[in-house]
Amino acid sequence: MTTKTDVLRLYKQLLTTAKKFDNYNFREYSKRKIVDSFKEHKTVDENQITKFYNNGIDELSRLIRQTAVSRMYTFDKLIIEPLKKHHH
Amino acid sequence: MIRITRTIRTLAPRSLKSLRYLSQSKPIAATTPIPELHVSDPEFRLDYADGRDLSKFGTKPIYLDLQATTPTDPRVLDKMMQFYTGLYGNPHSSTHAYGWETDKEVEKAREYVANVIKADPKEIIFTSGATESNNMVIKGITNFYKNTKKHVITTQTEHKCVLDSCRYIQENGWDVTYLPVNSEGLINIEDLKNAIRKDTILVSVMAVNNEIGVIQPLKEIGDICRKNKIFFHTDAAQAYGKIPIDVNEMNIDLLSISSHKIYGPKGIGACYVRRRPRVRLSPIINGGGQERGLRSGTLAPPLVAGFGEAARIMTEEMDYDKKHIVKLSNKLKNSLLTIPETFFNGPADESKHYPGCVNVSFGFIEGESLIMALKDVALSSGSACTSASLEPSYVLHALGADDTLAHSSIRFGVGRFTTEEEIDYVINVVNKRVEFLRELSPLWEMHQEGIDLNSIEWTGH
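Protein sequence lines correspond, in order, to chains Y and F.
First residue of the first sequence: 1, per the working numbering; consecutive thereafter.
First residue of the second sequence: 89, per the working numbering; consecutive thereafter.
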């Protein structure tokens, strides 16, 4: 049985992971997509929740792998991206 | 010899510290600078600072050239990684498990690719891209029917690879009719009906134009072709996954697809070839008989699987992406058109326009000079293959646009990964640079004074 806490924890984890994309466009897209998907399925049927939850877990593992790749191969920041204070 | 020993002696041992990241959970980046993309020229940064402290921002231009190619979706890369690590079997090896597991994935990808256009997976032939698919169709069909037919119909605004293949078959004795388009880029159905002859075998019309984003009336063309027993081919490189296409409802017999236009890997595409009623064509690549004998050669499973995943995401997220693209594209289009003397190239009817492609002409400005002035935005004035030359776009010419407007057009692409922040930045800089370039222009000054430029007699030519 998937509880509300499980779902919220997954949501938070997905967002925290998405923020780790070094690539600006992938990062912004992932954040937007996660927020919109959870909003869209907010009122989903109760017996469907586990199915969506499992999809979310798969998505999370994919995000963890891909954000790691994104941080291994980094490129210059976009002209609209503010540089972090300690950036090289 | 001496030089070599010297090099070896002075070679410093690489520090083990640089490999530290291999044992860390947080990886250290292997930074890859791409010099050509930099906007770091100090003079340039000064001129284009727009009141911002540029040292606090990155240097890479914003990517709005999505008609040329799209970034690979991380989810696609994730799928492909399996094939570069563990799944290395040849999908055509039928004697062992390495072959079977790869083959299973390839067939799954084929299904995803077929689903986008509601085709049967057996009707999908993997090729190296849309250019190969277009060549395969035009040369293959004309070669197969060379004894009974003699005529092909296409349009003036096709992609270069279709036009060039047509040129090739013309050299081999075929007749080709190039249909004109109206000022919105659409073909006239009556023109098509009139062009059909008894010995016509193929009609090739692109679904979405790569320069102006106009959507041709596929269903009407398909109906006419079916009635006259002519094959209908459409180059859907820019349309696949972006507008709804149903090959059965639209009576499409052949369709070219490119993977890197849908956030998939580069170097792969596909051709849909109808099975019932059967479309026959001679292959241009012969060999082991893979892909129904139409395209021999071992498939590249990493690319095929990546392409399949990209297609699956396109099907699943078509509405979601469309909503985002329409929103940003409308914002961009409406803001750019508030600049005086700017014109939208493309159909006025929004249902006939793919919103991810916004083509605008800026009067009294050379398109190429605006592109140069917009170094912080990656743009193009047209097709990537022709943008190296200063020739005005042949597509805009076919629309009837005069030389000056054809010269001053710029194509903006909006896609899945474009953000609102980027669009806002682009609108702002285009406004400023257009104003700047016009201030330099004597023609603009004359226009401001109310002189009709067409009334001037130029001398000195």
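One or more hints might be untrue.
[What the hints assert, rightly or not] Cut-off 20 Å, straight-line C-alpha distance, at most; resulting in silico cross-link-like pairs (EDC-like, lysine to aspartate or glutamate):
hint	chain 1	residue 1	chain 2	residue 2
1	Y	Lys42	F	Asp512
2	Y	Lys33	F	Glu405
3	Y	Lys77	F	Glu508
4	Y	Lys39	F	Asp407
5	Y	Lys19	Y	Asp58
6	F	Lys421	F	Glu405
7	Y	Lys84	Y	Asp58
8	Y	Lys42	F	Glu404
9	Y	Lys77	F	Asp153
10	Y	Lys33	F	Asp407
11	F	Lys206	F	Asp287
12	Y	Lys42	F	Glu337
13	F	Lys210	F	Asp191
14	Y	Lys31	F	Glu272
15	F	Lys520	F	Asp540
16	F	Lys421	F	Glu404
17	F	Lys410	Y	Asp58
18	F	Lys227	F	Glu405
19	F	Lys234	F	Asp191
20	Y	Lys77	F	Glu545
[What the hints assert, rightly or not] Per the computed footprint, the stretches of chain Y lying under chain F, defined by three or more beta-carbons under 8 Å from a beta-carbon of chain F, are:
hint	stretch
21	8-14
22	73-84
The hints are simulated quantities; they were obtained by calculation from the structure and are not laboratory data.
The beta-carbon is built from N, C-alpha and C at its ideal position, and this holds for glycine as well.
(request) Measure nothing beyond the straight line between the CA atoms of Lys19 of chain Y and Asp58 of chain Y; if it is 20 Å or shorter, mark the hint as holding. (result) holds (17 Å)
(request) Check whether three or more residues of the stretch 8-14 of chain Y sit with their beta carbon closer than 8 Å to a beta carbon of chain F. (result) It is violated: at least three residues are needed, and the stretch 8-14 of chain Y offers just 0 whose Cβ sits closer than 8 Å to chain F.
(request) Given the hint that Lys206 of chain F pairs with Asp287 of chain F, test it: the Cα-Cα distance must not exceed 20 Å. (result) Status violated; Cα separation ~30 Å.
(message) Need the status of pair Lys77 of chain Y, Asp153 of chain F: alpha-carbon distance at most 20 Å?
(response) Holds - the C-alpha atoms of Asp153 of chain F and Lys77 of chain Y are around 18 Å apart, at most 20 Å.
(request) Below or equal to 20 Å on CA atoms is what counts here, so check Lys520 of chain F against Asp540 of chain F. (result) Not OK: Lys520 of chain F and Asp540 of chain F at ~25 Å, beyond 20 Å, violated.
(message) Against the 20 Å threshold, does the CA-CA distance of Lys77 of chain Y and Glu545 of chain F hold or violate the hint?
(response) Violated, at roughly 50 Å.
(request) Count the residues of the stretch 73-84 of chain Y whose CB lies closer than 8 Å to any CB of chain F, then report whether that count reaches three. (result) Holds, because 11 residues of the stretch 73-84 of chain Y bring their Cβ atoms closer than 8 Å to Cβ atoms of chain F.
(request) Decide if the proposed pair is consistent with the structure: Lys410 of chain F and Asp58 of chain Y, CA atoms, cutoff 20 Å inclusive. (result) Violated: Lys410 of chain F and Asp58 of chain Y sit about 25 Å apart, past 20 Å.
(message) Next pair to validate is Lys33 of chain Y with Asp407 of chain F; report whether the Cα-Cα distance is within 20 Å.
(response) It holds: about 13 Å lies between the C-alpha atoms, which stays within 20 Å.
(message) Can you confirm whether the C-alpha distance between Lys39 of chain Y and Asp407 of chain F stays at or below 20 Å?
(response) holds (15 Å)
(message) Does Asp191 of chain F sit within 20 Å of Lys234 of chain F, going by the straight-line distance between their CA atoms?
(response) violated (36 Å)
(message) Lys31 of chain Y and Glu272 of chain F were given as a pair; does the straight-line alpha-carbon distance stay at or below 20 Å?
(response) Cα-Cα ~38 Å, so violated.
In terms of the numbered hints stated before, the structure departs from hints 1, 6, 7, 11, 12, 14, 15, 16, 17, 18, 19, 20, 21, listed from lowest to highest.
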